[in-house]
Amino acid sequence: MDRLDVAEPAWTGISPKYVWPELVGWLVTGLIAAAATTPLWFIGAWWCYAITAAVVVVTVVVMAFVPRRVRSIRYQLRDDDLLVRRGILYLRFVAVPYGRMQLIDINRGPVVRALGLSDLKFVTAAASSGVTIPGLPEAEADSLRDRLVALAESRRAGL
Amino acid sequence: MSEALPGEGAPPPEGASGPTQGAAGAAGAPGTPADVARLTDGEWHRLHPATPLLKGGIALIVLLGIILNNAREWLLGLVVPGGRRPDGDGEGDPFGWVVEHGWLGFVLLGVLVVLAVLVLAFWLSWRMNTFRVTEEIVEVRSGVVFRTNRRARLDRVQGINIQRPVLARIFGAAKLEVSQAGDDANVSLAYLRSAAADDLRREILRRASGVQRSAVDGVRAVPAPGRPVEPGQPAPGQAGASGEPVPVDASGQPVAPGQPSPADARQRFVGLVEQRAQEFLSDGLDPQEAPPESVVKVDAGRLVGSVLLSGYTLFLVAAAVAVVVSVRLTGEWFLLFALLPAVLGSSGYYVNRVTKSLRYSISSSRDGIRIGYGLFSTTNETLPPGRIHSVKVSQPLLWRPFGWWQISIARASRSSTNGSGQQGNSTLLPVGDEADVRRVLELVLPELVGVAAAEVQAEEAPVPSEGPADEPQRTAADEHAEHTLSLVEDGLTSRGSDGGFTTSPRRAAVLRWFSWRRNGFRTAPGALLLRTGAIWRELVIVPLPRMQSVGLSQGPLLRRLRLAAVHLHTVQGPIVARIGALDQDDALRFFEGAARDAVTSARADRTHRWGASPDPVPDDAAPASSPPVSAPREDPRP
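Residue numbers (our numbering), protein chains in the order written: chain A, 1 to 159; chain B, 1001 to 1638.
Derived by calculation from the structure, the hints in this document are not laboratory data. Owing to the predicted nature of the structure, the values given are computational and were not obtained by experimental measurement. We put the beta carbon where it would ideally sit given N, CA and C, even for glycine. Worth double-checking, as some hints may not be accurate.
Simulated coverage check for chain B against chain A, where a stretch passes if three residues somewhere in it have a Cβ under 8 Å from a Cβ of chain A [stated by the list, open to error]:
hint	segment
1	1511-1517
2	1555-1564
Cross-link-like lysine to any residue pairs, in silico, SDA-like; alpha carbons within 25 Å at most [to be verified]:
hint	chain 1	residue 1	chain 2	residue 2
3	A	K121	B	S1310
4	A	K121	B	R1578
5	B	K1297	B	G1403
6	A	K121	B	A1181
7	A	K121	B	S1553
8	A	K121	B	L1397
9	B	K1297	B	G1182
10	A	K17	A	P39
11	B	K1055	B	G1143
12	A	K121	A	L77
13	A	K121	B	G1403
14	A	K121	B	K1055
15	A	K17	A	D79
16	A	K121	B	Q1572
17	A	K121	B	T1600
18	A	K121	B	V1576
19	A	K121	B	G1143
Some residues of chain A that are not near chain B, with every Cβ distance over 10 Å (derived) [said to hold, decoys possible]:
hint	residue
20	A45
21	V62
22	R69
23	E153
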């Protein structure tokens, strides 16, 4: 069965290095979740250990898919809008007209910054838009931001 | 204090405005242009002098009342000799206790000091609370210790709301709120003189619309002579409004506004009282601006019925059944008492819902649609064109036998402390039948319907000289009306591909058991329509120029079934424009089409300066795919 895709396959991917922040994030999350289940061990029943094992297994599986998921995060600058896609199991496309931009955020977490990357967030008046392009090389993120701002300026629309 | 006051600081114009308005009001002339001009001259002004009283002084009066109530016995004893009971039962009576100990003087002094401090504080806060309206902005300064200054750009106005709580109505005051996009981003002018609020709103809207003053005056000159000519029709909306002549002029003495003679003083007072009464009885709609007839009449019986048959009632009945069953099973009768608070609470809820929506009216004006409601505390809101981000027409289950519908809207301004609660912010039509829905949607989405502007033109210019020009317009309007009728009716109740909807395929029945035949979407000029729900029917309309972005998503289950979901992102609100379980290819096509149309219609959109004369550029720039988007809106009147 053919996958859902738009007509123009001129996608730009993000930096493959973005795998690391994702891995670290999931590792920390998994460790905390596993640690939270350890008090159950005092009950001593077998299923208490099973819960911890399940948390570990789920975390490992999720982490195994991280490289593919990072590869799936792509964007393209079309004539009048920004198109972003992400996800393999849960596929999501969002198209945002440039004129709808309210502001652009650039965030750098500790791991992301250590790798010389930036996360770019395109904020519209609708909270549900949720357009983020994580893991862009720093210079690319800055230039993309300037480009998007310029594009938005030339296509200014109201709310 | 020599500064010009918007309120009753200057009595002569107030007193004179009664007769003046009475004489000229029926002709629809602007009430007191000088007054508005003063308020909007860009200088700082103060609010209504009764503001402190309306804002918090009532609590003070209540406090005084409590003290006096405690002193009642003692006061009675002063007046009625020998009526005072002997001491000894002063246990529960703090006042008696105070008198016994001879501390009366201190207590009175303390009360007076507290009173003086409070009055001073209120007066100070009133003095420090100033506002100004310039050509570009409206700005409010307030606060004594913590100063706040809020400035709002007029071209970003999302709506103007005039609220009149019961108490304020008695004082002839009103609260004007200029809504901006965002959470609690309202600029609130509380309180103004009632008539001044109406005038100020008109002026702010004029400035916001970008229309030139000369153009407005020209427009206003047209309906003024036009109205009284209407043959013998009493103009229902005007009868109860302040435009009705007050008895002052009924005495036959034309009062010259410039020179009030002393003999008129009493009459003027009577006129003032009369005017207050008129203002109190009027539904808060400014009679001069909009054509005051509401396009929809919400019958009180229907309103009560609709509230009683809401989803909340279903929940209540279910709870009651659960309690009764458990009483039967356990034999514990005290469980019935668990129902008591619920019953009390919900009766309050019902009464509240009904009184809020009573006297509902909706009409169109030059500056957008105007909604008014409320029985005791009235709210009257003007929404300029293009400020509605999505519209939902829905039908709770129990309403279906009666064919009632409800319309709610999402807008960019959100207010957590809206005087009339959440409902006022999002409900456009509390209840109505299909014809009502159609009429309201004609106002809300003229670009979808293309009929509202044309109709207004046809009604407001009955001058015979334009007869031949009128004809094609009317037929066009009728045609549009037919078109809308079918569009809305199809969207409301139809299923399958009726009305041009693209629905879910048969295999979606796994996910949409009953509604897969109804679950569908369609594109219309300037808007996207999502039709969902076979049991709880819903039709969501998203105007294309307001859509922020489009999303297309597909989870593992949907992928299995070759289905996908489309989400039209609009501003946060009570409406989620999402449609799931569409065929994958249909969804993709819808997604791409919507993304493309959103760009073109946003480019053609000119609603943020809705009154400005259209530039030649934007219309040419708008591609042929959505020409009706801006066409009817840019020239609202001849």
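Each hint, compared with the structure:
1. 1511-1517: Violated: only 0 residues of the segment 1511-1517 of chain B have a Cβ under 8 Å from chain A.
2. 1555-1564: holds (count 5)
3. K121/A / S1310/B: Not satisfied, since the Cα-Cα distance of roughly 41 Å exceeds 25 Å.
4. K121/A / R1578/B: Given that 25 Å is the threshold and the Cα spacing comes to 23 Å, the pair holds.
5. K1297/B / G1403/B: Since the Cα atoms of K1297/B and G1403/B sit roughly 16 Å apart, the hinted pair holds (cutoff 25 Å).
6. K121/A / A1181/B: holds (21 Å)
7. K121/A / S1553/B: holds (19 Å)
8. K121/A / L1397/B: Roughly 41 Å separates the two Cα atoms, so the pair is violated.
9. K1297/B / G1182/B: Violated, at about 32 Å.
10. K17/A / P39/A: Roughly 36 Å between the alpha carbons, so the hint for K17/A and P39/A is violated.
11. K1055/B / G1143/B: With Cα atoms ~14 Å apart, K1055/B and G1143/B stay inside 25 Å; holds.
12. K121/A / L77/A: holds (15 Å)
13. K121/A / G1403/B: It is violated: about 45 Å lies between the C-alpha atoms, which goes past 25 Å.
14. K121/A / K1055/B: Violated. K121/A to K1055/B sits at ~43 Å, over the 25 Å cutoff.
15. K17/A / D79/A: violated (29 Å)
16. K121/A / Q1572/B: Holds. K121/A to Q1572/B sits at ~18 Å (cutoff 25 Å).
17. K121/A / T1600/B: Roughly 24 Å separates the two Cα atoms, so the pair holds.
18. K121/A / V1576/B: holds (22 Å)
19. K121/A / G1143/B: violated (37 Å)
20. A45: holds (33 Å)
21. V62: holds (14 Å)
22. R69: holds (14 Å)
23. E153: holds (14 Å)
In terms of the numbered hints stated before, the structure departs from hints 1, 3, 8, 9, 10, 13, 14, 15, 19, listed from lowest to highest.
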